[in-house]
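For reference, the chains in residue letters:
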Amino acid sequence: MKNQLKAVWQFFFGDSARAFGSVSLILLVLLAISPAKNHFSQWRHYQKQYLHLIRGRADAVTLERHFQGGIQQIWIPEQQVTDRCTTCHLGLKEASLADVSAVAFRKHPVVPHSLTEFGCTTCHRGQGAATTVEEAHNSTEQWEQPLLPAKYIEAGCGQCHLEKPTATPFLNQGRDLISSNGCTHCHTIKRGDGTYILPDDDPPSLKHIADKTTREWIYAWIKDPQAYAGTATMPNYHLRDDDARDISAFVISQSTALQPPIQPGQTDTKPAEDPAAGTSLYGQSFCASCHAMQNAAGILVGGNVGPELTGIGTKAKPEWLQDWVANPNHYDPGTMMPHYRFDATQVATLAGFLESKTEPDLVANVHLDPATSPQIEHGKKLVVENGCASCHEINGIKKPENFAPELSRIGSKPLSQLLFVEGVEHTLPGYVAAKVRSPRAFGPSLKMPQFNLTPLQIDAITTALLAQTDRSQTQPPAMRIASVQQTKYEPAGHAGQLMGDLRCLTCHVINGHGGDMAPDLTWEGTAVQREWLTQFLKNPETLRPALIRRMPKFNLTDAEITTLADYMMTVYQTPQFDRDSLPVSEFSPAVVEQGRQLFYSKFACQSCHIADYAKDKGYIGPALAGTGKRFYAAWIYHWLQDPQSLRPGTIEPNQHMTDDEARSLTAFLMSLNATGSKEATKK
Amino acid sequence: MSDPKDFVAVLDSDARRTPRRIAFITKRTSPQVRVKDEDRVMTYPEVFFRAAVAIEVLAIALVVISLRWNAPLEELANPMHTPNPAKAPWYFLGLQELLHYFPPVVAGVLIPGLVVMALIIIPYFNINVEAEGLWLRNRSRRLRIFGLVVVVFCIFLAVFDVWVALAPTIIVAAFMLLAARTDPQTAQGFQQWLVRKPLSFWIMTWFLVELFVLTAIGTFFRGPGWSWVLPWRA
Amino acid sequence: MANTLDQLVEQVRENRIWRSIFRSGTGASNLHRALFVQQNVFLHLFSVKARKRTVGFSATWYLGALTFGTFLILVITGILLMLYYHPSVPQAYADMKDLQFVVSSGVFLRNLHRWSAHAMVFLVFAHMFKVFYRGAYRPPREFNWVIGVVLLLVTLLLSYTGYLLPWDQLAYWAVTVGSNIASAVPVMGSKIRFLMLGGTAVNANALLRFYVLHCVILPFTATLLVAIHFWRIRKDGGIYAGEPATKGKSE
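Residue numbers (this note's numbering), protein chains in the order written: chain E, 35 to 717; chain G, 54 to 287; chain X, 36 to 286.
For the record, the hints were derived by calculation from the structure and aren't laboratory data. It cannot be assumed that every hint is accurate.
As the list claims (entries may be wrong) - Simulated pairs of lysine to aspartate or glutamate, EDC-like, Cα-Cα distance not exceeding 16 Å:
1. 87(X) <-> 236(G)
2. 87(X) <-> 91(G)
3. 87(X) <-> 92(G)
4. 572(E) <-> 550(E)
Unchecked claim - Computed footprint of chain X on chain G, listed as stretches where at least three residues anywhere in the stretch have a Cβ under 8 Å from a Cβ of chain X:
5. 122–128
6. 137–147
7. 151–158
8. 192–204
All values derive from a computational prediction rather than experimental measurement. Glycine included, C-beta positions come from ideal geometry on N, C-alpha and C.
With these hints in hand, go ahead and build the complete structure from the sequences.
In structure tokens form, the structure reads like this:
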């Protein structure tokens, strides 16, 4: 045996020439391994599987004709896209493969973008050039941006879409939450078009805070804002007791008295006798359109424009409440709240009603000794450290600049620059979501406070943040769908002042500026008749039965109404047509009847609108029973032909009516002359 | 050549593995042969095939490594994102380690410049060529000189906190001391080997150890901010 | 079997065409073997015979030959890699991806090139230390030692310039660190750095410059120096065998 082995060794390695030959052979064999490996590559395996799949299907011939073997790629140099995903994902365009159980071969869901024009990684991320599962999908040393998890997929859309596409509700919600939680008070978030995501939570100024509330309430509030009101936007800083004590001391010490000062409670004016008067005035004034309040059953009712009022009596001093209800402009000239023209009794009634809404438990156990100057000094230090002035105006403290890291490109941040902690998924989305969920989990010394967000809201914000990629910042402008920018429009003159005082733009949009709660008034002068407008301003009636939010009654004087109506009828006219160009007298009864047919049968308008309170149940759009007294015929006629041209973004569909149809329908609508609302008719 | 019987000119004679050398001696020369003829082999095939096999074995090793481990490739270069630590190729990590202690002009220019200069001039110094054992002559005087040099150098390193370079220096110095205290007449084995080593050996060995230690530390034991890390904890 | 194979080989080597190319002819005699070396343009740098003591493994550990071997591998794989590589930003990185995912055996080529490059740097150092400890720098080989030191520097430069070419984070920052050291040179530091990078920062210009250095200037320099290095081994009396085992006696 040993001799045999020796003989074999001698044969192969006996002398240097033989050894050379043998070793050369080994080397050649080894060199052949690499080309052989190519033959067994992963993507070939997937292509075989795919062929196997389609051969078992009814339309095998068609599918096989579409199939192209070898490495496939979508190459879009100007977008730096080289996507080889279609090498394995072969059925993305095959309509008949929508039901396939293997995700890899399933048809791509319908999206407005063509695969060949946008590629895959533009939206999904991941490594497009890769042809192995691991490299293409996951985060590796070579490629840190893994495939975007399905729940954040709308972040892909948000790179180009700066407006709010209807198909991406999650992304839109996230962006709104970033604004409404005031994230961008501290973090700068620049969008691709150079604009910034601005906060719209409107945190109150603390310059005169001592006029409004007590130090005890401030102490309780900053310790846990959500204990006072579950809907509070202010995040929880997890302050220690003495820190909260010192901050409250400092804030109160910096507060100056309002000029002119708030009058002490007017004792001569008594609230209304009726105990229900307060509740009823609160309701009549539609306070709930903006403010929420817990009802007797503990259910929160109302809007989220203004702060929750459940415990307002504990928070606000009585004389401040009276002053505020009488005229909010006095305390806060920048408030969104309109100036209701309440008389003294109404002020006392409403203020009294609000005062009764207390949460005594909140401050019951708060006993603060008078502040010492070291405490105030320490409070100042804490206020600066925590960046309170990023959101709130505080006397003597400057708003810090770039208080928190900029997040404009957070969606492309390399993992190597992130510090992960135990329990956080080692991916960028995992990191961002964890950071939004509980910032202090990344270290107790971190400044970012705890926000009050639901898991879905956290995912929405994460989606919006992940859209802030390098690509979103650097791509050519042609790729971008611009956001709708608010204009700086303010109405002018005496009427403008009046409209400012009434905060019309808190709810209405005019010339691209204002809120989204009530109709766009840009062309109101062309739309409605002056008579109707005057009546409406005097006593707003409900036009949209489905809405809780309604136009409140402001108790305007006749002179004020005349000023407003004059201004609106003159200034808010569309240049597209003349409101008097279609006199009602032109319509014959036959045309009206024709219009009625169109209304009820061809266009089925009654599904959304009410033409007759007795019969119709359309609750989506405004009631049309009083159209003849409200609108100009010309407006209706043009509106029916192209609603979006008169009010961009309206949900009224464009039915592409012929000229005759629009004319007949206008004739019918102008014949509707019911007065008042549904309730009024019933009575 | 006049007498053909003196030589038999034969092609293709393998009779002797080593050619016989012939010296034509005139009467005025007094020849002295210092080097004896020694065995020679044909370059082809002996040397070439051996070299070829050696190269092929290396190639086989490299092919196997290449089939098994992929060459590192990271993300696309991005001047905005500095990795921490940013490391040079491994063979420069010794220098980068020194950069941590000395100003760039010393660690990056002076030291490598001196090393290259020193390497170039090695063969031009007779002391290197003769390569006499360092401790075979003038022992006590040399011990004083080198003792002083080593101590001054160690203090210099300690002042700059270069402990990683100090440790190998001390180790090499310890071996030098061991050699210096060895009696060349009676020493055995390792000590006898050590005592015959010339100055150039000591300097080069010190350089090799420093090179090895510094490169290893820079490669394996340095993490973010050039702080100490343990490679198995990464 | 073996005989017929030998006969076949013999026939091929006796062939007129073969003989027109390789003149040494057949035969296992020392003359044929000597002619084989002498008459080959590449091999005639070497002497026909070598001292037996220098041929064994222990004398040199074959470190010089192995270094040359890695150089050969690097030239071959390097030329193949050049077929797929564009020295431009960011195409260079995309080419790495293509090598990895699309080019047949592309990963293997790149791996072999990379690992061989590391091996070469290591072997050059090892070769130098081995030569030093054997004392092979002694006259008349002083200048060949100097050429060796220059070759060490050329090897380091080859490796360093090649390091940038993938244009990934590793490459970019390694070269940035290195080029910052260059700027520490007194007086002309920033000028040297500018010359080295073709600009004030590591960018597309630096990539192109490193590419030309890596693929043209340095390999040619290395080839030339290696040729001289080898040639001088012969001219300086073959591979250094150390002091003869026995001191010669007068005959």
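What's the verdict on residue 87(X) and residue 91(G), does the C-alpha distance respect the 16 Å limit or exceed it? It holds: about 8 Å lies between the C-alpha atoms, which stays within 16 Å.
Within a Cα-Cα threshold of 16 Å, do residue 87(X) and residue 92(G) meet the stated pairing? 5 Å, holds
Verify the coverage statement for the stretch 122–128 of chain G against chain X, using a C-beta to C-beta distance below 8 Å and requiring 3 or more qualifying residues. Our answer is that it holds, as 7 residues pass the Cβ test (under 8 Å) against chain X, meeting three.
Three residues minimum, CB to CB under 8 Å: does the stretch 192–204 of chain G make the cut for coverage by chain X? Let me know. violated (count 0)
Is the hinted pair residue 572(E) and residue 550(E) satisfied, with a Cα-Cα distance of at most 16 Å? Status violated; Cα separation ~23 Å.
Would you check the hint for residue 87(X) and residue 236(G), treating anything up to 16 Å between C-alpha atoms as holding? 35 Å, violated
Confirm or reject the coverage of the stretch 137–147 of chain G by chain X under the rule of 3 or more residues with a beta carbon closer than 8 Å to the chain's beta carbons. Our answer is that it holds, as 7 residues pass the Cβ test (under 8 Å) against chain X, meeting three.
Does the stretch 151–158 of chain G contain three or more residues whose Cβ lies closer than 8 Å to a Cβ of chain X? holds (count 4)
Of the hints listed earlier, those the structure fails to meet are numbers 1, 4, 8, in rising order.
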